[in-house]
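Asker: Sequence:
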Amino acid sequence: MTTATVTFRLTGPQQAWSTRERSSTRPTQDHPTKSGVIGLVANALGRDRTDDINDLRALRLGVRADRAGRIESDFHTSGSGSFPLLPSEVLSDPALARAASKGAPLERTYSAPKNIDRDSKGSLVAKRTSAILTTDEYLCDADFTIALFGPRELVDRIARALTDPARSLHLGRRAYPLSAPPGPTV
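With positions in the sequence shown counted from 1, the corresponding number in this note's numbering is that position plus 24.
Quick caveat, the hints were computed from the structure, so don't treat them as lab data. Careful: at least some of the hints might be erroneous.
[To be verified] Distance ranges between label pairs, derived from CB positions: (1) 124 / 164: 42 to 48 Å; (2) 75 / 119: 46 to 52 Å; (3) 204 / 85: 41 to 47 Å; (4) 116 / 48: 35 to 41 Å; (5) 25 / 198: 48 to 54 Å; (6) 100 / 25: 43 to 49 Å; (7) 47 / 82: 51 to 57 Å; (8) 181 / 86: 17 to 23 Å; (9) 75 / 210: 48 to 54 Å; (10) 28 / 204: 21 to 27 Å.
Built from N, CA and C at the ideal position, the CB exists for glycine as well.
The task is simple: from the sequences and hints, build the whole structure.
Answerer: So, in structure tokens, the structure goes:
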């Protein structure tokens with residue numbers, strides 16, 4: 025069996041590389057993790073979450089920080105509040121149409137389904153305590169060169185997939201796309 029190495033760049037304004045399960049704080053490492061790189065490569069190859077990735081896990085990984093970047097964090101709340109109704113919602117619901125004609129505010133309360141409760145009048149409401157608070161860390165303005173070493177046939181398939189990926193590629197989270205094609209070389 026002959027072996028080869030494919031190198032490619034991962035660069036973007038935001039990246040997230042975690043080795044921990046999701047919790048109220050989603051941390052990031054200061055460099056791409058092997059699991060994150062394998063996930064990106066599996067996505068490029070068009071593999072599904074249920075597909076076997078043992079061949080990819082057996083690859084050896086090297087990471088070079090060309091620009092280290094810095095870790096930032098965002099604070100998020102979700103799970104309760106109100107949102108404006110769309111005109112079609114008002115027109116299709118006679119009770120809302122009557123309320124609108126009397127000048128009632130056209131908003132509806134929302135919350136995560138498990139946190140809905142009833143007020144003293146029996147109406148569904150979101151409790152103030154039902155908000156979900158999270159902190160997401162991410163790596164800003166980083167640029168890395170990745171090297172994967174393994175069987176030549178697999179490395180060649182990876183290089184082709186990175187040039188023409190089956191799916192869009194992300195830097196750890198879907199909201200973090202690459203800012204330049206990875207440009208693989210074997």
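Asker: Can you let me know if the beta-carbon spacing of residue 25 and residue 198 is within 48 to 54 Å?
Answerer: The hinted range 48 to 54 Å is violated for residue 25 and residue 198, with Cβ atoms some 35 Å apart.
Asker: Does the hinted range 43 to 49 Å hold for residue 100 and residue 25 at CB?
Answerer: Given range 43 to 49 Å: holds, Cβ gap about 47 Å.
Asker: Do the beta carbons of residue 124 and residue 164 sit within 42 to 48 Å of each other?
Answerer: 45 Å Cβ-Cβ, so the 42 to 48 Å window holds.
Asker: Can you let me know if the beta-carbon spacing of residue 75 and residue 210 is within 48 to 54 Å?
Answerer: The hint (48 to 54 Å, Cβ to Cβ) is violated, given that residue 75 and residue 210 are roughly 23 Å apart.
Asker: Falls inside 51 to 57 Å, the C-beta gap from residue 47 to residue 82?
Answerer: Taking Cβ atoms as reference, residue 47 and residue 82 lie about 30 Å apart, which means the hint is violated.
Asker: So the hint says 35 to 41 Å: do the beta-carbon atoms of residue 116 and residue 48 match that?
Answerer: With Cβ atoms ~38 Å apart, the hint holds.
Asker: Take the C-beta atom of residue 75 and the C-beta atom of residue 119, compute their distance, and say whether it sits inside 46 to 52 Å.
Answerer: With a Cβ separation near 49 Å, residue 75 and residue 119 satisfy 46 to 52 Å, so the hint holds.
Asker: When you take the CB atoms of residue 181 and residue 86, is the distance between them in 17 to 23 Å?
Answerer: With Cβ atoms ~19 Å apart, the hint holds.
Asker: That 21 to 27 Å hint for residue 28 and residue 204 (C-beta), does it hold up?
Answerer: Holds, since residue 28 and residue 204 (Cβ atoms, about 23 Å apart) stay within the stated range.
Asker: Is 41 to 47 Å respected by the C-beta to C-beta distance linking residue 204 and residue 85?
Answerer: At roughly 20 Å between Cβ atoms, residue 85 and residue 204 fall outside 41 to 47 Å, so the hint is violated.
Hint compliance for this structure: hints 3, 5, 7, 9 are not met, and every other hint is.
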